[in-house]
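Top to bottom, those sequences are chains A and B.
So the first sequence is numbered by this note's numbering: it starts at 1 and just counts up by one.
So the second sequence is numbered by this note's numbering: it starts at 1 and just counts up by one.
No wet-lab data here; the hints were simulated from the structure.
Incorrect hints may have been included.
[Claimed, not checked] In silico BS3-like links for lysine-lysine, alpha-carbon gap of 27 Å or less: (1) K134/A / K214/B; (2) K134/B / K134/A; (3) K266/A / K244/A; (4) K224/B / K224/A; (5) K60/B / K266/B; (6) K214/A / K266/A; (7) K214/B / K266/B; (8) K236/B / K134/A; (9) K236/A / K134/B.
[Unchecked claim] If you want the ones that stay clear, here's a sample from chain A, every Cβ over 12 Å from chain B, calculated: (10) Q49; (11) M53; (12) S65; (13) N235; (14) P268.
[Unchecked claim] Residues from chain B shown here face chain A by an in silico Cβ test under 10 Å; the list is partial: (15) F123; (16) I126; (17) I128; (18) K134; (19) R169; (20) T187; (21) S193; (22) R194; (23) I201.
Yeah, the Cβ is synthetic: ideal placement off N, Cα and C, and Gly gets one too.
Number of protein chains: 2
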Amino acid sequence: MTAKIIDGTAVAERMRTALAEDVERFKAQFGYAPALGAVLAGDDPASAQYVRMKRRACEKIGIESITHEMDANSTQAEVEAAVRSLNDDPRVHGILVQLPLPAQLDEEPVLALVSLDKDVDGFHPINIGKLAMKGREPTFTPATPTGCMVLLEDAGVEIAGANAVVIGRSNIVGMPVALMLTRANATVTLCHSRTRDIPAIVRQADIVIAAIGKPEYVKADWLKPGAAVIDVGTNKIDDPDTAKGYRFVGDVDFEAAKEVAGAITKVPGGVGPMTITMLLQNTVKAAWRLTAEKVV
Amino acid sequence: MTAKIIDGTAVAERMRTALAEDVERFKAQFGYAPALGAVLAGDDPASAQYVRMKRRACEKIGIESITHEMDANSTQAEVEAAVRSLNDDPRVHGILVQLPLPAQLDEEPVLALVSLDKDVDGFHPINIGKLAMKGREPTFTPATPTGCMVLLEDAGVEIAGANAVVIGRSNIVGMPVALMLTRANATVTLCHSRTRDIPAIVRQADIVIAAIGKPEYVKADWLKPGAAVIDVGTNKIDDPDTAKGYRFVGDVDFEAAKEVAGAITKVPGGVGPMTITMLLQNTVKAAWRLTAEKVV
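Go ahead and model the full structure; you've got the sequences and the hints to work with.
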């Protein structure tokens with residue numbers, strides 16, 4: 001058996017085309033574009049690259065970007081002031097604070113400052129709290145976990161009643177995707193660095209979300225035949241056979257796993273393209289919400 | 001093998017004695033008592049009784065109670081005004097809104113209104129969100145789940161690395177206790193009404209938290225020998241052999257389960273007495289926090 005390959009690039013492309021049309025409607029109605037404000041503090045090359053990618057993705061579908069590029073030595077007060085100015089700027093509909101912040105800064109108060117109406121990253125504790133609670137609706141949900149859920153649904157994976165295993169309990173992927181799967185009526189087991197026997201737990205899973213950041217960590221013989229596997233990892237490994245001398249692999253041993261799984265994402269081309277797409281979707285949603293409020 | 005019986009009444013008693021001493025210290029220092037404000041809307045007898053029990057427990061250790069008893073026909077605005085007045089009252093350190101509210105009222109905005117500094121029930125979405133997030137500390141954690149954790153620790157149960165199964169995903173017990181167990185490095189599986197095979201999942205658990213509200217639902221032969229079992233249920237069942245014609249049982253078939261488990265709580269006398277104790281503890285903590293802020 002060879003798994004169905006879940007093509008994140010194709011799903012993301014389809015969604016971005018629809019979003020571009022939605023942005024056109026927005027512009028036609030209001031005469032200006034939805035806008036995403038970003039705070040980028042410091043000179044971490046990966047962060048800078050990530051912000052550039054987001055900006056390009058915004059431009060492509062007609063969303064404006066306003067980036068506060070800040071010095072690596074920025075103070076807490078300066079970064080908080082940047083967030084406040086984006087909160088107060090009526091042209092800005094969504095705000096993203098690129099993490100990690102430089103070491104001297106405290107991330108928690110910066111993120112807590114982001115206006116709930118503009119929290120397109122979905123990381124405000126109120127949004128995470130509502131995600132955990134029955135009968136509550138977060139205004140925005142975090143991009144990567146939402147992307148995982150969209151890919152599962154798009155692939156026709158039955159979530160309600162399924163046994164789902166999430167490997168990794170990070171604030172940005174593992175924990176929120178576990179909460180989202182529980183909301184969707186899966187029975188979720190959340191594994192992490194202190195879990196005793198991850199392979200034994202994965203073997204019982206109908207759905208596996210690998211978000212632990214270890215190259216090709218999940219092996220084919222851990223998988224229940226037919227399981228749906230979403231690989232969130234993007235790990236750079238040396239590979240002298242490539243022109244660049246390296247390549248990216250996921251947290252799952254893809255080549256072997258695809259012979260056991262029922263459906264599986266590739267790396268790259270799986271969750272990656274979905275993350276930015278969900279951020280774009282949240283930004284367009286924020287623009288409609290904020291503008292509708294103004295009109296009323 | 002007969003399980004160690006985890007005696008919630010004894011643990012609660014010990015904690016309340018220590019809390020009474022803490023309240024004495026507080027009074028000696030500031031000349032007034034910590035105070036818990038409660039909003040009780042409607043005439044649900046169970047809610048009224050629960051508020052009375054809380055008030056008596058407060059009195060016993062020297063905490064003052066201020067209860068807003070409100071009509072079953074109270075409007076949203078009236079109940080919200082009651083919460084606001086408790087927020088603004090400097091004599092009040094903790095606020096509890098007795099749930100469920102009458103059907104015409106929307107619980108979410110009422111709970112969201114409770115000042116974070118007085119959220120001794122720990123149900124504000126910010127506190128739940130922080131409970132879910134690594135590197136965040138909720139100001140207060142909900143009473144019943146905290147009581148479960150204290151009982152496990154008191155019984156010497158190793159939580160880190162253990163496989164824990166939580167049955168029931170309610171906002172007040174199941175979900176927050178799952179988050180607390182994950183924070184304590186257990187590997188948590190959260191089961192609920194849509195879970196396919198609860199017995200098979202429970203069989204793998206070193207720690208079982210039963211919070212599903214079904215009398216004697218968890219059977220002895222579901223348990224891994226030696227497992228620690230915390231029974232959160234309190235279910236009233238008919239029993240013609242008792243003077244009252246009924247008695248209370250938990251969510252676990254205690255008599256049979258105690259022959260398999262390593263440690264187990266009784267009902268009554270397990271989690272029940274801990275719930276109010278943790279509310280008292282949160283109230284005393286709130287009083288110190290708010291007063292220290294005033295002094296500084």
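Structure-based check of each hint:
1. Straight-line distance between C-alpha atoms of K134/A and K214/B comes to about 19 Å, which keeps the hinted pair within the 27 Å bound.
2. A C-alpha spacing of about 21 Å is found between K134/B and K134/A, which places the hinted pair at or below 27 Å, so the restraint holds.
3. At most 27 Å may separate the alpha-carbon atoms for a hinted pair to count; K266/A and K244/A meet this at roughly 20 Å.
4. Taking the CA atoms of K224/B and K224/A, the gap is about 23 Å. The hint holds against a cut of 27 Å.
5. The suggested pairing of K60/B with K266/B holds, with an alpha-carbon distance near 24 Å, which does not exceed 27 Å.
6. Restraint check for K214/A and K266/A: the C-alpha separation of about 15 Å stays at or below 27 Å, so the hint holds.
7. Using a Cα cut-off of 27 Å, the hinted pair K214/B and K266/B holds, with the two alpha carbons roughly 15 Å apart.
8. Distance restraint check for K236/B and K134/A: the Cα-Cα separation of roughly 25 Å lies within the 27 Å cut-off, and the hinted pair is therefore satisfied.
9. With a CA separation close to 25 Å, the supplied pair K236/A and K134/B stays within the 27 Å bound.
10. Every C-beta of chain B lies more than 12 Å from that of Q49/A, the closest at about 25 Å, which supports listing it as non-interface.
11. Remark: the non-interface label on M53/A is consistent with the geometry, its nearest Cβ contact in chain B lying 25 Å away (cut-off 12 Å).
12. Listed as outside the interface, S65/A is consistent with that label: its C-beta sits roughly 27 Å from the nearest C-beta of chain B, beyond the 12 Å cut-off.
13. With a minimum CB-CB distance of about 21 Å to chain B, N235/A clears the 12 Å threshold, and the non-interface call stands.
14. For P268/A, the condition that its CB be more than 12 Å from all CB atoms of chain B holds, with the nearest at approximately 27 Å.
15. The criterion of a C-beta within 10 Å of any C-beta in chain A is met by F123/B, whose closest approach is roughly 8 Å, and the hint holds.
16. Taken as an interface hint, I126/B checks out: its beta carbon lies about 5 Å from the nearest beta carbon of chain A, inside 10 Å.
17. A cut of 10 Å between beta carbons decides the hint on I128/B: the least distance to chain A is about 4 Å, and the hint holds.
18. For K134/B, the interface hint holds, since its Cβ comes within 10 Å of a Cβ in chain A; the closest pair sits about 5 Å apart.
19. With a least beta-carbon distance of about 6 Å to chain A, the hint placing R169/B at the interface is held under the 10 Å criterion.
20. The interface hint given for T187/B is met, as the beta carbon of that residue sits about 4 Å from the closest beta carbon of chain A, less than 10 Å.
21. Evaluation of the S193/B hint against chain A yields a held restraint, the C-beta minimum of about 8 Å falling below 10 Å.
22. With a cut of 10 Å, the hint placing R194/B at the interface with chain A holds, because the nearest CB-to-CB distance is about 4 Å.
23. For I201/B, the suggested interface contact is upheld, since its CB lies about 7 Å from the closest CB of chain A, less than 10 Å.
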